[in-house]
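First to last, the sequence lines map onto chains A and B.
Numbering-wise, UniProt numbering puts 3 at position 3 of the first sequence, and it's gapless, one number per residue.
Numbering-wise, UniProt numbering puts 290 at position 290 of the second sequence, and it's gapless, one number per residue.
Please note: incorrect hints may appear among the correct ones.
Listed next, the stretches of chain A that the computed footprint assigns to chain B, with coverage defined by at least 3 CB atoms under 8 Å from CB atoms of chain B [said to hold, decoys possible]:
1) 49-62
2) 235-246
Computed footprint of chain A on chain B; a stretch qualifies when at least three of its residues, placed anywhere within it, have a C-beta under 8 Å from a C-beta of chain A [claimed, not checked]:
3) 17-25
4) 56-68
5) 200-206
These aren't lab readings, by the way, just hints derived from the structure by calculation.
Don't be surprised by glycine CBs; every beta carbon is placed ideally from N, CA and C.
Spelled out, the chains give:
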Amino acid sequence: MAQLPPQTIQRDPQLFYWILFPITVVMILTGILRHYATVLMASPPKKVEQPALKEQRSLMHGVAVRSNFHVLTAPSFKARREFLTTAFESGAYLKDPERRGQPPANPMTDPGAMDGMMGMMKNNMAMMVPNTLIMSWINTFFSGFVILKLPFPITIKFKSMLQAGVATKEMDPRWMSSISWYFLCYFGLQFVFNFLLGSDNDGAADAGNGPQAPNMFGPGVDADKQFQAEAENLAVIKHYSVLDDVEQRLLEGIKTR
Amino acid sequence: MTSSLLRPPGHLSPATALQLSQQAPIIIKNSPGAVTASALSSLFSAPETPELWTIYENLLLSCLRTGDEESAHLCLGRLVNRFGDDNERVMALIGLMKEADATDDATLEVVLKEYEALLQENPTNIPIVKRRVALLRSIGRISDAVTALIGLLDFSPTDSEAWSELSDIYFSQGLYSQAIFALEEVLVLQPNAWNIYARIGELLLMSVKSGSGDQNDSAKQLGEALKRFCRSIELCDDYLRGYYGLKLTTTQLLNDPPKPSKQAESDGLAPPNLSTLQKLDGLATEKLGEITRRFTAGEKGWQGFDEAEIAAAKELLEKSSSTTVR
Numbered sequence: 001m002a003q004l005p006p007q008t009i010q011r012d013p014q015l016f017y018w019i020l021f022p023i024t025v026v027m028i029l030t031g032i033l034r035h036y037a038t039v040l041m042a043s044p045p046k047k048v049e050q051p052a053l054k055e056q057r058s059l060m061h062g063v064a065v066r067s068n069f070h071v072l073t074a075p076s077f078k079a080r081r082e083f084l085t086t087a088f089e090s091g092a093y094l095k096d097p098e099r100r101g102q103p104p105a106n107p108m109t110d111p112g113a114m115d116g117m118m119g120m121m122k123n124n125m126a127m128m129v130p131n132t133l134i135m136s137w138i139n140t141f142f143s144g145f146v147i148l149k150l151p152f153p154i155t156i157k158f159k160s161m162l163q164a165g166v167a168t169k170e171m172d173p174r175w176m177s178s179i180s181w182y183f184l185c186y187f188g189l190q191f192v193f194n195f196l197l198g199s200d201n202d203g204a205a206d207a208g209n210g211p212q213a214p215n216m217f218g219p220g221v222d223a224d225k226q227f228q229a230e231a232e233n234l235a236v237i238k239h240y241s242v243l244d245d246v247e248q249r250l251l252e253g254i255k256t257r
Numbered sequence: 001m002t003s004s005l006l007r008p009p010g011h012l013s014p015a016t017a018l019q020l021s022q023q024a025p026i027i028i029k030n031s032p033g034a035v036t037a038s039a040l041s042s043l044f045s046a047p048e049t050p051e052l053w054t055i056y057e058n059l060l061l062s063c064l065r066t067g068d069e070e071s072a073h074l075c076l077g078r079l080v081n082r083f084g085d086d087n088e089r090v091m092a093l094i095g096l097m098k099e100a101d102a103t104d105d106a107t108l109e110v111v112l113k114e115y116e117a118l119l120q121e122n123p124t125n126i127p128i129v130k131r132r133v134a135l136l137r138s139i140g141r142i143s144d145a146v147t148a149l150i151g152l153l154d155f156s157p158t159d160s161e162a163w164s165e166l167s168d169i170y171f172s173q174g175l176y177s178q179a180i181f182a183l184e185e186v187l188v189l190q191p192n193a194w195n196i197y198a199r200i201g202e203l204l205l206m207s208v209k210s211g212s213g214d215q216n217d218s219a220k221q222l223g224e225a226l227k228r229f230c231r232s233i234e235l236c237d238d239y240l241r242g243y244y245g246l247k248l249t250t251t252q253l254l255n256d257p258p259k260p261s262k263q264a265e266s267d268g269l270a271p272p273n274l275s276t277l278q279k280l281d282g283l284a285t286e287k288l289g290e291i292t293r294r295f296t297a298g299e300k301g302w303q304g305f306d307e308a309e310i311a312a313a314k315e316l317l318e319k320s321s322s323t324t325v326r
């Protein structure tokens, strides 16, 4: 089969200086701007009130006792178990004991939860507004320009990705349009930002900044239920101690060495 | 050298602390005074690292310890510049500085009042709560310190530092069982802390020796002490205090065996039989001998033990060998 002659398109070399370069620079500068805007807009972590702190930490303490019970001797574990299960079941550590048994409050009305949502909203806005602006800027001025030829062959599937905005059916997918260059920058500048701003920056568009840390005590979780479950967990533990037969283990360990 | 600046300076020997604080002026001069917030210069200057601020904090503590107040003030000034004086940790450091600058009890009382005012505003300011406890303890109001500490542990029972401080206060008052309880809480939070295991063993041993518990209990307490020391050694092969305690406990159990008690049996804390005891005694003696010998010979990899602990171990070995000869 005869080799198809390679497509050649006569491009103005000025395209590089007037389209490729400006788009890249604008993308980088917006990323930096966005990073600092996010830093400025970040609200400081909210103060936790004492009862709420007590509720969280008591539960954590219960979990610690449950998972590290083996460091205790049998009598001291028994004493702790009795104390903690009684306290957990009676709701002694709850933030507001009189609201026991009621369904959790609507997260929309909880000011604490609203704060978190506001933060998320601010982040999203910081992402969306500049992107919309740049997109429309590129679409207005540079739509339809073919600005780049990739130095390696790629399959036809990439056509829609690389030649967005250029509706030419027969063109080799190696040719790249300005709007595609924009998308490439949008997703590919993470490493540039890592280099410029340090590794935990907010510059890049990468939406998957990792899932939010699962909030154990977030809105909608009934603390009383957690305490009841923890009390049950404590009650069913079959106690053994790491101190049982430790002398034998020690002597054998020394001998085998 | 910088590595020892990155760790909390509490464990440093006086000599090392002095050495560090003598280098303080140089370190302060070489480190950047303030990290600029401007975007342009931060693009070109070296990035700010968390270590820098840890170094300042530890340097501050070392300087206060050795009386170099001038450098301490410089360190504090930089921390305040960076984090502002409403940061909880910086607030505690400022308080510490005021305590160090105080010359008489009246000034300390003023500092105490300030702490209380701060806590009125924000009762969950844990660094300040801890400073207040330390200050109360140092001016001799022990029971107030205990009350404050228990208040802290009530809303934050996962604070192992506070539990161990509570244990130490109880121990200083001779309340062994309370001290042991507090240390058990530390273990629940830090299940592999071998020094805490050994410390519980020491407290149990001391409570037997002081005769505070009833006599029937001593079998159980000695049995538990023995097990605690064994666990400590199991976790850390060369833990001198663990071997030392083990040796003391086995000697006690061999020379003066306590009456076997039903309760110790049922709790699984009865001391082991004679041959095991002798084996453990032999093991402890051998290891203590090895550690002291190699430390004194200056062998590589056997340094870093505390001089005083080595001396005590030597003394113990000499005493025990003289009794066996007799």
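Taking a Cβ-to-Cβ distance below 8 Å as contact, does the stretch 56-68 of chain B have at least three residues touching chain A?
-> It is violated, with 0 qualifying residues against the three required.
Examine the stretch 49-62 of chain A for residues whose CB is less than 8 Å from any CB of chain B, and state whether their number is three or more.
-> holds (count 9)
Coverage of the stretch 200-206 of chain B by chain A, judged on three or more residues with CB within 8 Å = violated (count 0)
Verdict on chain B covering the stretch 235-246 of chain A, where coverage means 3 or more residues with a C-beta closer than 8 Å = Since 5 is at least three, the answer is holds.
Can the stretch 17-25 of chain B be counted as covered by chain A under the rule of three residues or more with Cβ-Cβ separation shorter than 8 Å?
-> n = 0 at 8 Å, threshold three: violated.
Of the numbered hints given earlier, the model fails hints 3, 4, 5; all others are met.
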